[in-house]
Structures are given as C-alpha cells and as structure tokens.
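*Asks:* So the chains spell out like this:
2 protein chains.
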Amino acid sequence: MIEGHGDDLYRKYARTITANFSSNIYNGARHEGLTEHLCKALRRQAGQEGGQDLLSAYPEPEPYTLEQRLAGIHRLQGRECVCVTNGATEAIYLIAQALSGRRTSVLQPTFSEYADACRIHGHRLSSLYQLPAEREGFRFAPEVQCVWLCNPNNPTGTVVPRRQLENLIRENPDICFVIDQSYEAFTQCPVLDAAEAAAWPNVFLLHSMTKRYAIPGLRLGYVTGNGQLLQQLRRLRMPWSVNALAIEAGLYLTEHADALQADLPRCLAEARRLRQQLQSLGVMDVWESDTHFMLIRLRYGQASELKAYLANRHGLLIRDASNFEGLDKRYFRIASQTPAENDLLIKAIGQWLAEEA
Amino acid sequence: MIEGHGDDLYRKYARTITANFSSNIYNGARHEGLTEHLCKALRRQAGQEGGQDLLSAYPEPEPYTLEQRLAGIHRLQGRECVCVTNGATEAIYLIAQALSGRRTSVLQPTFSEYADACRIHGHRLSSLYQLPAEREGFRFAPEVQCVWLCNPNNPTGTVVPRRQLENLIRENPDICFVIDQSYEAFTQCPVLDAAEAAAWPNVFLLHSMTKRYAIPGLRLGYVTGNGQLLQQLRRLRMPWSVNALAIEAGLYLTEHADALQADLPRCLAEARRLRQQLQSLGVMDVWESDTHFMLIRLRYGQASELKAYLANRHGLLIRDASNFEGLDKRYFRIASQTPAENDLLIKAIGQWLAEEA
Chain P
0 MIEGHGDDLY
10 RKYARTITAN
20 FSSNIYNGAR
30 HEGLTEHLCK
40 ALRRQAGQEG
50 GQDLLSAYPE
60 PEPYTLEQRL
70 AGIHRLQGRE
80 CVCVTNGATE
90 AIYLIAQALS
100 GRRTSVLQPT
110 FSEYADACRI
120 HGHRLSSLYQ
130 LPAEREGFRF
140 APEVQCVWLC
150 NPNNPTGTVV
160 PRRQLENLIR
170 ENPDICFVID
180 QSYEAFTQCP
190 VLDAAEAAAW
200 PNVFLLHSMT
210 KRYAIPGLRL
220 GYVTGNGQLL
230 QQLRRLRMPW
240 SVNALAIEAG
250 LYLTEHADAL
260 QADLPRCLAE
270 ARRLRQQLQS
280 LGVMDVWESD
290 THFMLIRLRY
300 GQASELKAYL
310 ANRHGLLIRD
320 ASNFEGLDKR
330 YFRIASQTPA
340 ENDLLIKAIG
350 QWLAEEA
Chain V
0 MIEGHGDDLY
10 RKYARTITAN
20 FSSNIYNGAR
30 HEGLTEHLCK
40 ALRRQAGQEG
50 GQDLLSAYPE
60 PEPYTLEQRL
70 AGIHRLQGRE
80 CVCVTNGATE
90 AIYLIAQALS
100 GRRTSVLQPT
110 FSEYADACRI
120 HGHRLSSLYQ
130 LPAEREGFRF
140 APEVQCVWLC
150 NPNNPTGTVV
160 PRRQLENLIR
170 ENPDICFVID
180 QSYEAFTQCP
190 VLDAAEAAAW
200 PNVFLLHSMT
210 KRYAIPGLRL
220 GYVTGNGQLL
230 QQLRRLRMPW
240 SVNALAIEAG
250 LYLTEHADAL
260 QADLPRCLAE
270 ARRLRQQLQS
280 LGVMDVWESD
290 THFMLIRLRY
300 GQASELKAYL
310 ANRHGLLIRD
320 ASNFEGLDKR
330 YFRIASQTPA
340 ENDLLIKAIG
350 QWLAEEA
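Protein chains in written order, with numbering that gives the first Met the number 0: chain P, 0 to 356; chain V, 0 to 356.
Among the clues, some could well be false.
Said to hold, decoys possible - For lysine-lysine, the following BS3-like pairs were computed, each having C-alpha atoms within a straight-line distance of at most 30 Å:
(1) K11(P) with K346(P)
(2) K328(P) with K11(P)
(3) K39(P) with K39(V)
(4) K39(V) with K11(P)
(5) K328(V) with K346(V)
(6) K328(P) with K346(P)
(7) K11(V) with K346(V)
(8) K11(V) with K328(V)
(9) K39(P) with K11(V)
Claimed, not checked - Not everything, but these chain V residues come out facing chain P in the computed CB check (under 10 Å):
(10) D52
(11) L53
(12) P58
(13) A116
(14) D327
Hints were generated in silico from the structure; no laboratory data involved.
Because the structure is a prediction, the values reported are computed rather than measured.
Every residue gets a Cβ at the ideal spot worked out from N, C-alpha and C, and that includes glycine.
Let's have the full structure, built from the sequences with the hints guiding it.
*Replies:* What follows is the structure in structure tokens.
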C-alpha cells in the first residue's frame with residue numbers, strides 16, 4: 000500500500016501541522032550528534048582524491064560492516080544471521096517473496112504491508128483477529144504454513160507475552176513465523192531475544208533502526224534469524240539496496256546506542272496519562288496498549304472527520320485507522336508526544352466534541 | 000549478483016587504492032554544492048519543532064515531488080510516466096517482477112543484474128550476443144516476449160544507433176523492450192528521447208541519476224515510459240523505497256543540472272587517448288567504445304592477475320570483466336579517469352608487461 004499510511008505530512012492541510020501524532024516514531028530522539036556526524040562524513044569525503052566517498056563511491060553491495068556489527072550486538076553467530084535492509088519494509092517484501100505461494104495467516108489488525116507483500120507474491124492469505132478479549136491464545140487452521148505477527152503490534156500497541164510466543168513456535172515447527180519487533184525498544188514487556196530466536200529454524204525476526212532511533216527518513220531495518228533461513232533472503236536481494244548515508248548512520252547509531260535510548264519509563268508514563276485523559280472524555284474507547292501509541296474507537300462520528308478537523312483547525316495530525324483490516328470508520332491511532340503536545344490534542348478533541356454537540 | 004561488480008573498494012588490498020578505474024562513475028563530478036546543500040538540509044531540519052524533517056519524518060511513500068519534476072524535464076505527460084527508484088537496480092528488479100515468467104532475451108555481454116533479476120522472477124532466459132562484428136542488426140527468436148539491452152552498453156561502451164533501435168521497437172510491437180540508458184549523459188551518439196519512447200506502449204526506459212551525477216552512494220534512478228505500462232511497476236513497488244536524503248539530493252541536482260553536466264567532449268577525448276595508448280602497447284585489444292569506459296581483452300595472461308598486480312603494487316583498481324556472460328578470463332573493463340591517473344595506469348601496465356616478460 001503506497002497511500003494511506005500514517006505520517007502523511009507530505010499532503011497539504013489548511014494549517015501547518017505543528018504536532019504529528021500520526022506516526023509511531025518516538026518524538027524524544029535527539030539527532031544533533033547523528034546530523035553532525037553525517038555532515039562531517041559527507042564533507043570529509045567530498046574533498047578527498049580517490050578513496051571511499053559517501054556520495055561518489057558505491058556502498059557495500061550488502062552492508063557487510065553493519066551486519067557484522069549487529070551480529071555482535073545481538074550475540075549472534077555471525078553476519079550470516081543478520082540481513083540489513085532498506086527499512087524493515089524491504090525485509091517484509093523479501094520474506095514474502097522467499098515464502099511465495101504459501102498458505103499464510105496474518106494476525107490482524109496490523110501493519111498492512113505484510114498482507115500487501117504476501118498478496119503480491121501469491122500467498123493464499125487468511126486473517127486471524129486479535130481483539131482485547133481474545134489475547135489469550137491463537138488457533139491456526141491446520142493448513143497454515145506461515146504466520147505473520149507484529150509485536151508490539153501496530154496499531155493496537157499490544158504485546159503477545161514472550162512465553163506464549165515461545166510455546167507457539169515450539170509447538171508449530173512446521174510453520175514459518177515472521178515476527179516484526181520494530182517497536183521492541185518501546186515496551187517494557189519481554190519480547191523475543193534475537194540470539195534465542197536464531198536457534199529456531201523457522202523464525203524471521205524483524206527489527207527497525209528507523210523506529211528505535213527515530214530515523215524513518217533514512218530507511219534502515221534488519222532481519223535476524225538462523226543463517227540458513229536468512230540465506231533464502233540473500234538469494235533474492237538486490238545489491239546496494241541500503242545507501243551509503245543510511246549505512247554510515249547505522250554504524251554511528253550502534254556505536255552510540257546507549258546515549259540514544261529513549262527514556263522509556265517517562266515515555267510510557269506520559270502515554271498512560273494521555274490514554275486515561277482520552278478515555279475520561281467518555282466518548283471513545285482506548286485500547287490497552289503496552290507501548291507509546293494507541294488505537295482508539297470513537298463512540299460517535301468518524302475518524303476521518305476528526306482527522307480533518309484536527310489537521311485543518313488545530314494543525315494536529317492523527318492517523319485515521321479505518322483502513323486497517325478488521326477495523327472500521329470509527330478507529331484512529333495516535334502516538335503519545337510531549338506532555339504539552341498531548342495537552343493540545345486533548346483540548347482540541349474536547350473542542351471538537353463541544354462543536355459537534 | 001551481490002559480489003563481483005566493479006567498485007569493490009570495500010575489499011582490502013595490499014596498498015591503498017589511489018585511483019579507481021573499476022566503476023563507470025564519472026570522475027570529474029564536483030559534489031561540493033550538493034554536500035553543502037545536504038548538510039544545510041540536515042541541520043536546518045534537525046533544529047525544528049515539528050514539520051518535515053529529513054531524518055525523523057518518513058519520506059514521501061512514492062517520491063511524488065521528484066517524479067513530477069522529472070516529468071517536466073523530460074516533457075512527459077505527467078508523474079504517471081516516471082517511477083523514481085532506489086537506484087536503477089530497484090527498477091531492474093521491479094520490471095523483472097512485472098514481466099515474471101516471460102520468454103526473455105538479454106543482449107550480452109552486459110550488466111549482470113538484468114539476467115539475475117529475470118532468473119529470480121522465473122523468466123525463461125536466452126542470450127543474444129553483440130560483438131563488434133555483429134553490431135549491424137538483431138534477430139530475435141520468434142517466441143521472445145521481452146528484450147533487455149543497455150545503451151550505451153556496459154561493459155562494451157557501444158551504442159546501438161537510435162534509428163536502428165526505433166525500427167526494432169516499431170517492427171516488434173509484441174515485444175516489451177527494457178532499455179537501460181544509465182550512461183546516456185556520457186555519449187555523443189543519439190539515444191532514445193524519453194518523451195518519444197513514452198509514446199510506445201512497450202518500452203521501459205531506465206535512467207540513472209547515480210551515473211549522471213556520480214552519486215552511487217545515494218542510489219537514485221528512474222524509469223520513464225507510458226503511464227499505463229508504468230502502472231505495472233507502481234502496483235508492485237513498496238512504500239518509502241527512496242530515502243529522504245536521496246530525494247533531497249535528486250531535487251537539488253535537477254535544479255542545478257546544467258552546472259553539473261560532465262564536460263563531455265573533454266571526457267571522451269581523454270578516453271580516446273587512453274584507448275589508443277593501451278592499444279599501442281600491442282598486447283591487448285581495446286573495444287571501440289562510444290563512451291568513457293572500455294572493455295579490453297588481454298592477448299596474454301589473465302585479467303584477475305593484472306587486477307591483483309595493479310591493486311597491490313600500484314594502488315590502481317580495475318574491473319575484472321571475466322564474469323560478464325560471454326566473456327572470459329582475458330577481459331577487463333576500465334573507465335577513463337584524469338589524464339594524470341590514466342598515465343599512471345598506462346605506466347603500471349607497461350611495468351607489468353616488463354616484469355611478466
């Protein structure tokens with residue numbers, strides 16, 4: 000799906016957007032260090048005669064150095080257990096291609112690219128629905144060969160407990176699991192460990208540097224897993240898919256990871272406050288979320304109307320979530336921002352309610 | 000193919016590489032303006048509250064703005080006639096996917112990614128060989144549905160005359176032509192015009208900003224063609240495949256295109272001089288080339304030995320071309336560099352001959 004994702008800031012709204020709740024990107028990231036590093040790298044190289052240059056030399060055809068680095072960080076056996084991609088999105092499309100034609104089940108509602116990529120690659124798709132009341136277990140149709148799930152899940156923010164997921168994988172050795180942990184840095188619930196997951200022959204584990212370090216502009220994701228399993232992706236991937244600036248950024252970010260971690264307790268406490276305030280308006284139901292973003296169902300009216308009102312009247316952007324499979328026109332998603340921005344949103348929604356009444 | 004392309008500077012050699020003849024990237028490009036622009040864009044945005052940011056906001060899911068700009072430059076009907084991709088390589092893989100399963104002929108020897116991408120997408124492949132004596136015409140097997148050719152061709156540097164190509168397309172309306180004009184800015188021979196080619200329903204025309212502006216680190220290519228034909232690519236492509244810095248660079252480069260054009264007459268004259276000097280050594284045959292790079296066949300010895308000698312003893316990198324389909328261990332490819340660098344190469348090869356004798 001090209002259109003219809005969040006962060007559609009590139010569109011024109013009647014007002015300038017001053018706060019963006021529509022993407023799940025963490026708002027507290029400080030990019031000054033990375034920015035300065037990239038500028039220095041660009042400048043240093045541009046003046047050199049010959050030698051490696053960020054602009055005028057090809058990047059590594061596969062990002063060898065960054066893959067090696069990430070293997071070390073995750074205590075994986077070697078580079079063969081890591082595949083760095085042009086955003087996690089490239090990983091999704093490569094995995095769908097590697098598994099083309101399978102009978103595949105996607106745990107819905109979730110990020111639409113899984114089903115889109117599977118459709119393009121001829122999977123026979125079915126959906127499992129994970130709604131709050133049914134978080135306790137999964138039952139797959141016996142013919143399913145491949146299961147995709149997002150953990151923490153987008154758009155609900157819920158996390159399948161680690162133990163439950165481990166049992167599921169162990170009990171279904173014939174099913175290939177694609178588990179997207181793009182939001183792993185934004186939850187305190189335990190999720191799968193990359194090294195342990197790589198011991199299984201049937202788990203592709205997706206990670207997103209885009210999400211962890213709030214750099215969606217650069218596009219940087221990776222898959223970890225069993226070396227033999229990942230060989231299926233290496234066989235398909237094109238050379239140079241990750242550009243030199245993204246690789247340079249990835250190397251910098253992994254070196255400075257500690258300094259760049261989100262202040263998670265504070266971030267989640269603020270999200271909880273926002274959730275409670277919105278719930279207390281009495282006109283919408285807010286999903287229990289294990290992370291900083293949340294799915295909300297309006298009891299009256301439509302998400303698209305609220306979105307247009309907030310953007311055009313208040314310069315606030317939310318994600319109309321009605322196009323997620325299994326959801327309808329009442330749903331929207333927001334990611335918690337700064338306390339001041341969250342207050343603006345609460346106030347603006349209150350105003351909408353007053354005007355609608 | 001991941002390994003085995005040129006520009007393998009990322010490998011370790013006994014000496015630091017001081018001149019790189021191994022990639023076809025134009026060596027005269029001045030990147031100072033682009034570098035400063037990118038740094039300014041990175042810095043300006045990083046300090047802003049909210050609003051579009053090169054790092055922390057998603058790029059346009061399809062590069063709308065740059066596609067619109069390129070449509071204008073090529074006098075195409077609209078954005079639907081341009082598909083900007085993560086390097087021309089993404090375009091190659093998307094086209095191969097759109098045409099999956101076809102009976103396909105590739106004009107060899109050429110860039111290996113065409114056949115690789117077609118193989119991955121289940122094409123039934125055959126090869127046509129274009130050697131100097133046979134430049135006058137092409138005869139396709141009657142069952143061929145799709146033909147790939149590179150013009151100017153990599154690695155030979157030859158150009159199929161525009162008239163001949165136009166006749167070929169006109170006479171074979173049932174064949175889909177994929178014509179890679181990545182090196183179009185580096186020849187004085189006429190090649191296809193994007194607007195004219197878009198009038199045909201059966202021509203994908205590939206362009207490379209990577210090549211034109213010598214920015215392979217950034218990955219930026221595009222396809223032009225009939226809007227309906229390109230719809231086949233849009234249906235398949237993933238969102239956000241071109242990152243925000245590449246888009247920003249593309250917008251800058253198209254605005255400053257005139258100032259950034261290669262000094263073509265000078266570049267080609269120097270390539271001619273290099274060709275003649277190498278030919279006059281009397282131990283190798285240099286292909287007639289219509290551009291700044293050239294394919295060379297050693298009369299004695301192997302390209303891999305020469306490559307190792309030049310890299311480890313002289314810090315000069317050439318492209319062992321033995322892995323191009325239809326070529327053998329005697330072939331290497333070089334792109335002409337500055338007169339001083341070319342002289343170094345000529346001298347070093349002379350020394351190799353003396354030591355081998």
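*Asks:* All hints, please: hold or fail.
*Replies:* So, going through the hints one by one against the coordinates:
no.	hint	result
1	K11(P) with K346(P)	holds (23 Å)
2	K328(P) with K11(P)	holds (22 Å)
3	K39(P) with K39(V)	holds (12 Å)
4	K39(V) with K11(P)	holds (24 Å)
5	K328(V) with K346(V)	holds (22 Å)
6	K328(P) with K346(P)	holds (22 Å)
7	K11(V) with K346(V)	holds (23 Å)
8	K11(V) with K328(V)	holds (22 Å)
9	K39(P) with K11(V)	holds (24 Å)
10	D52	holds (7 Å)
11	L53	holds (5 Å)
12	P58	holds (6 Å)
13	A116	holds (7 Å)
14	D327	violated (23 Å)
Comparing the model with each earlier hint shows a violation of hint 14 alone; every other hint is respected.
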